[in-house]
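Start from chain A and add chain B according to the hints.
There are 2 protein chains.
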Amino acid sequence: MKQIAILVTLFFVATIALNAQELKSPNGKLVMTFSMQDNGVPTYMLTYNNKAVIKQSTLGLELKDDEKSLLNDFKVVTTNTSTYSNTWQPVWGEQKEILNNYNELAVILKQNETNRKMTLRFRLFNDGLGFRYEFPEQTELVYFVIKEERTQFAMAGNHTAFWLPGDYDSQEYDYTESKLSEIRGLFDTAVTHNASQEQFSKTGVQTSLMMKSDDGLYINLHEAALINYSCMHLELDDENLIFESHLTPDAQGNKGYLQAPCTSPWRTVMVSSGAREILASKLTLNLNEPCAIEDTSWIKPVKYMGVWWEMITGKSSWAYTDDLPAVQLGITDYTKVKPNGKHAANNENVKRYIDFASEHGFDGLLVEGWNEGWEDWFGKSKDYVFDFVTPYPDFDVEELHAYAKSKNVTMIMHHETSGSTRNYERHMDKAYQFMKDNGYDAVKSGYVGNILPRGERHYGQWAVNHYQYAIEKAADYQIMVNAHEAVRPTGVCRTYPNLIGNESARGTEFQAFGGSKPNHVTVLPFTRLIGGPMDYTPGIFEMDISKLNPNNNSHVNSTIANQLALYVTMYSPLQMAADLPENYQRFMDAFQFIKDVAVDWDKSIYLEAEPGQYITVARKEKGGDSWFVGNVNGMNTRTSSIKLNFLDKDKKYKATIYADAKDAHYKTNPQAYKISTKKVTHKSKLALQSVPGGGYAISITEIK
Amino acid sequence: MKQIAILVTLFFVATIALNAQELKSPNGKLVMTFSMQDNGVPTYMLTYNNKAVIKQSTLGLELKDDEKSLLNDFKVVTTNTSTYSNTWQPVWGEQKEILNNYNELAVILKQNETNRKMTLRFRLFNDGLGFRYEFPEQTELVYFVIKEERTQFAMAGNHTAFWLPGDYDSQEYDYTESKLSEIRGLFDTAVTHNASQEQFSKTGVQTSLMMKSDDGLYINLHEAALINYSCMHLELDDENLIFESHLTPDAQGNKGYLQAPCTSPWRTVMVSSGAREILASKLTLNLNEPCAIEDTSWIKPVKYMGVWWEMITGKSSWAYTDDLPAVQLGITDYTKVKPNGKHAANNENVKRYIDFASEHGFDGLLVEGWNEGWEDWFGKSKDYVFDFVTPYPDFDVEELHAYAKSKNVTMIMHHETSGSTRNYERHMDKAYQFMKDNGYDAVKSGYVGNILPRGERHYGQWAVNHYQYAIEKAADYQIMVNAHEAVRPTGVCRTYPNLIGNESARGTEFQAFGGSKPNHVTVLPFTRLIGGPMDYTPGIFEMDISKLNPNNNSHVNSTIANQLALYVTMYSPLQMAADLPENYQRFMDAFQFIKDVAVDWDKSIYLEAEPGQYITVARKEKGGDSWFVGNVNGMNTRTSSIKLNFLDKDKKYKATIYADAKDAHYKTNPQAYKISTKKVTHKSKLALQSVPGGGYAISITEIK
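Residue numbers (the UniProt record's numbering), protein chains in the order written: chain A, 1 to 704; chain B, 1 to 704.
The following block holds chain A by itself, in its conformation from the complex:
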């Protein structure tokens, strides 16, 4: 009896052990508990220092034409635990070295009725949890269609959230800061107009979602490694404060076509008692596959200018002519039409920009509107909208390439696709080859307007697959990609570091489309940048847009000091000085910071941060001794007190501080700044006042 009792006890314990299992982070503060509900539903929960972060939440997927689905009736076959610790070097980044350290729990499940196997893999880092679904090779589950993924994230409280309305096609909204319970009431106001947009629920929000609990926990929900899957939004059950995954549907309303063996992306929950750790977290990158490109020597961070802002403000035009109701590529003879006289991408103007960029040490010049087709480039659902290789009559590709080269400037290509993905793919090889033949090594791509094939969405599996195809093919051609309006990034730049940027959020251009909230840039690093760098295109010095275009009364809701700070706070290996040369020429002393600031880093230290309020970060340039500090400020005047104890102990430095003038204000006095210099050491402290929508930028160079 005793033996039987022991066996039974052991079995019972083993069953409990199989049915409920704990996973701890390396430092033990985060604890994830996996357990099975009675009806065979897998669940997880997460605590931080014993405080609930994620209450018990169910996992599973609803399948199309499959009543059983992958929701319940599972049993645990076995579990495997492991630990991983490794340091790796990104090709570019905020840090020269990144530690990847986690404890892992893999739960192998089998569905009783169907014998289908599914694995849940959990990785618990010191800064958060990542988990994903895995579908092993098996005869019971091969091809399947997702009707909806049903991953819950049960919140432990009515947190403050910084959210965007959930949308299948656009992320270009201002953030709303509210309690979770208030999302529903504020939803409609949060939805402003866009060229392509589609919401799905009054409590639907996008990722990454930044939250702060009443007791000071910072929680961020996102996904990592979104490849060949549909992009996830979150839908809030605002009665119970439970988020559930809501994938982007295809043209028929289905949410994903999968073939085992395969995996879902990682769903990520970052947790910290401090906001800075969220910004510093490398969890998203760590969950992605290592670099897949063997030779990465051609991938280089870029500081650039562009023939762009003058079109965004409406001062000039992408299009060559206003005389035609429409154009037909290869048929319309542009040499015979009347130029509108406002076409910015012309030889003379471009050379002017090249001269300025060269004089001030910029690596590249982006030119938009260089190619035939801009007359009817969006809103027409046009299939054959661009061919990506035929310039307008006033843009001489070879001549400008040679001119730029002679001035040590590289031309940056622009591929606006107007969402016509099949057309882009049809031309892609020729377009990329054209780039190589003409000295372009980086391309900004765009997807303005509804996606073709019609019915697909920007964030559906079909389009996600397309963006990835463009990135991978670009790598074959040794081309760097900066994709705008594409799906929000999820750390794929670790695997494909030629993806040097995305927009995929409300960028600087919206300051010319009516303006963004002054604290927008204090939110973005907590939300959009969790997945990867953003080509935010900062550096606007003239805030009154009517000065560039009398018909545009938009105002840039930022001070000049805030604009300078963005080069440090808005991490990107691709940094644009977006304004017009003539505007920089009026403030050459401030412009000096943009010229000096690095674009690649050995080290980054987030000194202080609070989402929606302020971010201050210090970064050390890659392979050098200089440091750069940036502070962006929200709505309230604030004194930022920082210690420079990150500086080398045995060095002396000169700090050049670009700060708001005392009476600066993003709206009424944005161009008031003061520049001062100071000798500093690692013992120095600084107290600087930032005004509403203001900030400061500091370059710190060694005094030898």
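Honestly, the hints are just simulated from the structure, not real lab data.
Remember, it's a predicted structure, so these values are computed and weren't measured experimentally.
There's no promise every hint is true.
Each pair may be met inside one copy or between any two copies, as identical chains are not told apart.
As a list, the in silico DSSO-like pairs of lysine-lysine whose alpha-carbon atoms are at most 30 angstroms apart [what the hints assert, rightly or not]: (1) Lys336 to Lys117; (2) Lys380 to Lys110; (3) Lys117 to Lys380; (4) Lys338 to Lys110; (5) Lys380 to Lys68; (6) Lys55 to Lys147; (7) Lys473 to Lys380; (8) Lys110 to Lys336; (9) Lys430 to Lys473; (10) Lys300 to Lys473; (11) Lys380 to Lys64; (12) Lys75 to Lys380; (13) Lys678 to Lys336; (14) Lys338 to Lys117; (15) Lys473 to Lys436.
Frame of chain A, contents of chain B only:
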């Protein structure tokens, strides 16, 4: 007053003249009358020898998000008439020379409220009418979306029709012969299973639609030059016997995205008092643009065999292995899986076919199942289903190409796409280049299964655009295309003669999938072949499929003589001897006809024809003196009496006649035939008996 009266009268006459206008065919028998209804709706009607063919029918288009649409409120601005007469030479065809002769009426319309311009262009030939919508360049109408085209074809009687159920994805149905009023009741029975299909109405039918009136008029409705538009079906108002155009919708239910200036395809109405004139008509080709390919020397008709029928019958397999639940291209290692031993596309078997084909003078050998991916090739909605360049381990591309070349045989490529059009386009350049690198100059493409992007249909504008893209790119590579499951052809092979074939109807393979109606081949030339040749793949000598595959009880509903006749009656520049070499070896005397028959023609004369009952045609080989005659017969034993007065007056000939044996029958005695020879001249007459599902084939060679 008199002057005013005269002016008024002139104006009135002019107005009437503008509002109603007659157009006559060159020989005057067909008269088309255009007129405007009071509410500004354009109409047309057609008579033949003063008999109504099309009663007054309205024209117009319903636009999306446009209440006004292009349906009414038009006025005639002006009309232009012209005549055209020209003879042109096709690269291949039934005739060496084709006369293109028509009278044309162009009606320029303007919509009063919107000022939008639309032109209706009518071309009236001796054998029928073609008309289309044209949208001139204008500011009032640039980009527009078709909700539905509303072209009516008001029938003058309850005709007998030979119809297929209207379907957005398949044409692979048996024909139903019935009165128009009976379509509704017979519709469901007409719909048999297919891998991809979607009907839209119980009175929806496909084109071309063949009809016969009670008073002996033959009428055929179809379209010509379907390019960048959605394929048209016909929906019958069976109360009033009015057909209306029903276009194929896209994933969102819209029917076409157009940009002016542009045109719709031609809608065609063939009319004749004799069935033969329908078959002989070149109206569809004449409405297409002339050949767009400058050098056509590489385009050559082909007689071929194939490693194909043994898979169709289930005797062997396209797939290499049965061991995997699914395959992943580039990941699955085929050298490590267990071959299923039934994979037909292996070196040894292919060489066997090459030997046979070479011995008997065939130009080409098609091999299906040569490439990785067939294990899960359809029904999975698989995106990356084939790469078109990676052979199975047992298929050596280079070795087989060299072997074939040494035997004067060209390998024919196979690109099954499984409907995954984006995947095909991604690989198309590499796939076509692979063909050129390995000595392939023709490709059979397939689109089995639902189209990807999902939600699109086989006959929608998106897919139509894709098929055209494949044809035009193939022309750049000097590759000939034979597209199966693609949209039914509409004469585009005049413009792109590298389109040497389509299936796009129920072909011989269905004889192995349960059988087709024995008179199927007496209908197809009146319906499917109106738009272009069909790769019908005839030449089956073993009708009992269970002899090839004991698990397949299908029966080929045709006699051997009927199979031989198809090489003459089923016009195609691409002719396959589809059966297995071993089956031909059992009937080498009958096989001789297949070896002798030409594939390209100087002249074709339809001797007698009745849709659903019989077709007899005589053709003179291109550049030679031989003639070939073929007769296919329907359900009733029939004596076919023909005069050989097409032969040269001053020549003597030997006719070799392959006819049904007296007791032959498609079901009970299909392999009974008799071969006889006879000396003939232009004065000779023949009377031959064809059994149910039977026929005869005659080769006539000059006795020098």
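Here is how each hint holds up against the structure:
1. Lys336 to Lys117: Close across copies (24 angstroms), not inside one copy (65 angstroms); limit 30 angstroms.
2. Lys380 to Lys110: This pair counts as between: shortest inter-copy Cα distance 23 angstroms, intra-copy 49 angstroms.
3. Lys117 to Lys380: between (46 angstroms within a copy, 20 angstroms between copies)
4. Lys338 to Lys110: Between copies, since 27 angstroms is at most 30 angstroms while 69 angstroms is not.
5. Lys380 to Lys68: Between. Shortest inter-copy distance 19 angstroms satisfies the 30 angstroms Cα cut-off; intra-copy 43 angstroms does not.
6. Lys55 to Lys147: For Lys55 and Lys147, the Cα distance is within 30 angstroms only inside one copy (25 angstroms; across copies 50 angstroms).
7. Lys473 to Lys380: both (28 angstroms within a copy, 26 angstroms between copies)
8. Lys110 to Lys336: Between copies only: 28 angstroms across, 69 angstroms inside.
9. Lys430 to Lys473: This pair counts as both: shortest intra-copy Cα distance 12 angstroms, inter-copy 14 angstroms.
10. Lys300 to Lys473: within (18 angstroms within a copy, 36 angstroms between copies)
11. Lys380 to Lys64: The answer is between: 13 angstroms across copies meets 30 angstroms, while 33 angstroms in one copy does not.
12. Lys75 to Lys380: between (52 angstroms within a copy, 28 angstroms between copies)
13. Lys678 to Lys336: Neither: 60 angstroms inside a copy, 70 angstroms across copies.
14. Lys338 to Lys117: between (66 angstroms within a copy, 24 angstroms between copies)
15. Lys473 to Lys436: both (13 angstroms within a copy, 23 angstroms between copies)
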